[in-house]
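> Listed below, chain by chain, are the residues.
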Amino acid sequence: MSTNETIKNGRKPLKGLPDRIRDRWAGASGPQRWTVYVLLFIGALLLPSDSIGQFMSPYSDWASVLFFPIGTYVVLAIGLNVVVGQAGLLDLGYVAFFAIGGYVMALLGTKMGLNFWEILIVGVLLSALSGIVLGGPTLRLRGDYLAIVTLGFGEIVRQTAENTDAIGGPRGIAGIPHPPSIEGVELFGVEIFKYGVLDPRPYYYLLVVLATLIIVFVKRWEKSRVGRAWAAIREDEDAAEVMGVPTFKFKLLAFAIGAAIGGAMGVVWAGKTISINPNDFLFMLSATILAAVVLGGSGNIPGVVLGAFLVAWLPERFRGLSDYRILVFGAALVALMVFRPEGLLPSRRRRAELAEGTGGMGTLGAEVATPESQPAAEGAAK
Amino acid sequence: MLLEINDIHVHYGKIEAIKGISLEVAEGEIVTLIGANGAGKTTTLKTISGLRTLTSGSITFDGTDISRLPGHKRVLAGIGQAPEGRGVFPGMTVTENLLMGAYARKGDFGKDLDEVFELFPRLAERRDQAGGTMSGGEQQMVAIGRALMSRPKVLLLDEPSMGLAPKLVAQIFSIIKEINDRGTTVLLVEQNAQQALQLAHRAYVLETGRVVKSAPAADLLHDPQVREAYLGGELGAH
Chain A
1 MSTNETIKNG RKPLKGLPDR IRDRWAGASG PQRWTVYVLL FIGALLLPSD
51 SIGQFMSPYS DWASVLFFPI GTYVVLAIGL NVVVGQAGLL DLGYVAFFAI
101 GGYVMALLGT KMGLNFWEIL IVGVLLSALS GIVLGGPTLR LRGDYLAIVT
151 LGFGEIVRQT AENTDAIGGP RGIAGIPHPP SIEGVELFGV EIFKYGVLDP
201 RPYYYLLVVL ATLIIVFVKR WEKSRVGRAW AAIREDEDAA EVMGVPTFKF
251 KLLAFAIGAA IGGAMGVVWA GKTISINPND FLFMLSATIL AAVVLGGSGN
301 IPGVVLGAFL VAWLPERFRG LSDYRILVFG AALVALMVFR PEGLLPSRRR
351 RAELAEGTGG MGTLGAEVAT PESQPAAEGA AK
Chain B
1 MLLEINDIHV HYGKIEAIKG ISLEVAEGEI VTLIGANGAG KTTTLKTISG
51 LRTLTSGSIT FDGTDISRLP GHKRVLAGIG QAPEGRGVFP GMTVTENLLM
101 GAYARKGDFG KDLDEVFELF PRLAERRDQA GGTMSGGEQQ MVAIGRALMS
151 RPKVLLLDEP SMGLAPKLVA QIFSIIKEIN DRGTTVLLVE QNAQQALQLA
201 HRAYVLETGR VVKSAPAADL LHDPQVREAY LGGELGAH
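Protein chains in written order, with full-length UniProt numbering: chain A, 1 to 382; chain B, 1 to 238.
Worth flagging that the hints you see were computed from the coordinates, not collected in a lab.
Hints are supplied without guarantee of correctness; some may be wrong.
Unchecked claim - Covered stretches of chain A, going by a simulated chain B footprint (3 or more residues, C-beta under 8 Å):
#, region
1, 218–231
2, 238–247
Said to hold, decoys possible - Partial list, computed: chain A residues near chain B (C-beta under 8 Å):
#, residue
3, Ala174
4, Glu235
5, Arg349
6, Arg350
7, Glu353
We put the CB at the ideal spot given by N, CA and C, even for glycine.
All chains, full assembly: derive it from the sequences and hints.
This is the structure we're talking about:
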């Protein structure tokens with residue numbers, strides 16, 4: 001019976017192409033998977049070629065676009081996905097960690113003369129710490145309450161930067177050093193380790209390596225005990241706690257990891273941009289990255305990468321429509337959410353959660369009883 | 001006493017939901033808490049499992065004071081709960097759900113899984129199905145089986161009959177009996193007072209955050225006041 005089939009697989013009997021690809025993937029052997037990984041990596045390295053760029057980005061320099069916004073958004077989306085997609089915590093102030101990374105690079109680079117690689121480590125640690133500082137008091141809140149607090153945190157970080165003269169105030173910081181170059185290493189005519197002003201490609205390669213490392217780490221976490229704990233918290237936090245999952249600790253860990261990824265991206269980005277100012281870290285960026293995560297398929301890394309790519313690339317590609325592109329872009333997002341609310345490439349588990357209507361981002365945590373709603377219910381019963 | 005609750009008070013914000021409840025559960029017993037909506041049954045259970053914090057009073061389990069122990073550590077101490085509304089993880093399969101029950105433990109869970117599947121043959125048939133796609137009765141089975149996976153000394157059940165067809169309710173209750181016969185102490189919260197009182201050894205009647213009666217369950221079945229309030233008065237007489 002077809003309905004039985006549905007129940008058994010937890011999905012519709014009419015399978016789309018993504019499902020078939022996923023089935024193949026689930027049955028693929030180790031070497032087959034590694035081949036695909038290596039091909040994807042090489043593909044990412046070949047992306048900034050002119051022939052691809054002519055189509056992908058007729059209005060601006062393709063390699064630059066690949067670094068920012070595309071690559072940057074991809075890394076940020078992977079980081080935010082840990083928080084939103086895996087642990088199910090709605091974070092509306094994710095840009096704060098990107099800003100902290102950026103400012104660490106700018107300050108330590110200009111004032112203390114540290115080298116990029118040293119700052120990268122410091123930046124990752126400091127932003128992870130800031131994630132813990134933010135999470136410590138606020139992760140006792142749930143759903144929309146948490147979202148509001150994180151939204152506030154994003155604004156606090158930006159406003160603080162804007163009003164602190166020691167870090168440049170509204171003018172920001174200029175003269176940020178580039179990563180140290182290694183001259184003479186050429187590949188297809190590109191000096192891949194020469195971090196100068198003119199050629200964006202070395203930065204892009206650096207970003208690809210960073211993104212790859214992050215994906216490897218995140219994937220490993222997802223499959224470990226940590227990932228199981230996150231999934232349980234996302235799907236039902238109270239149930240997770242009574243299963244013996246230290247929910248608070250794992251939520252804090254998700255925040256710290258997400259923050260560290262955002263911070264790392266901030267450092268790399270600031271290392272290319274020369275100058276940063278508080279207006280680089282507007283709420284719009286948090287919202288855009290969140291849109292990328294939800295649009296692509298929250299919780300599923302290929303989906304999230306695709307979502308971030310589209311969110312970053314589409315407005316660049318259609319730059320010719322000038323301001324209307326944002327209107328079209330918005331309409332496209334709305335249409336996508338109407339026709340594919342689970343995202344472009346959702347994970348299967350995610351789809352089952354959404355079907356149930358509970359769990360993490362499914363309802364943005366709105367169904368979770370809050371200290372305010374519960375006594376009202378109990379009071380009404382009296 | 002395996003579990004002793006001594007004059008606990010619990011607040012939601014400024015509202016006092018539990019106004020000094022004391023109760024005891026001895027090893028091997030089935031104890032039930034009955035009462036209307038808002039009486040504080042679920043809150044009491046959540047307080048025992050650590051999802052709610054005490055304002056005052058104390059909870060002693062197995063001889064140690066667990067009043068300030070976080071919820072996830074109480075699981076290791078031996079308190080297992082099938083939470084209100086079942087709390088099945090919708091995106092996980094039945095097996096994954098059950099294994100989450102053993103999250104806090106280490107070692108091989110094959111034997112425990114087999115035991116749960118033996119208790120709930122239905123779950124064995126559906127072990128690879130996502131929790132969210134199952135019926136209410138099956139989800140209740142997952143919730144109970146999952147709580148058993150932590151090898152609890154006491155099993156807290158929050159309205160296992162909620163939203164189930166009468167036939168399924170009877171089935172779930174006979175399984176609870178079976179679990180108890182195998183040596184697990186059960187603390188059961190129910191609105192279905194008739195069924196709960198028939199199953200339990202002792203019962204507490206809760207009203208607006210207080211215990212108004214406590215007696216052997218069989219006595220309460222014939223108590224005129226209880227009959228009036230919870231068993232449908234004379235209509236419920238057999």
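> Run every hint past the structure and note whether it holds.
Hint check:
no. : hint    : in the structure
1   : 218–231 : holds (count 4)
2   : 238–247 : holds (count 10)
3   : Ala174  : violated, 48 Å
4   : Glu235  : holds, 4 Å
5   : Arg349  : holds, 4 Å
6   : Arg350  : holds, 6 Å
7   : Glu353  : holds, 4 Å
Hint compliance for this structure: hint 3 is the single one not met.
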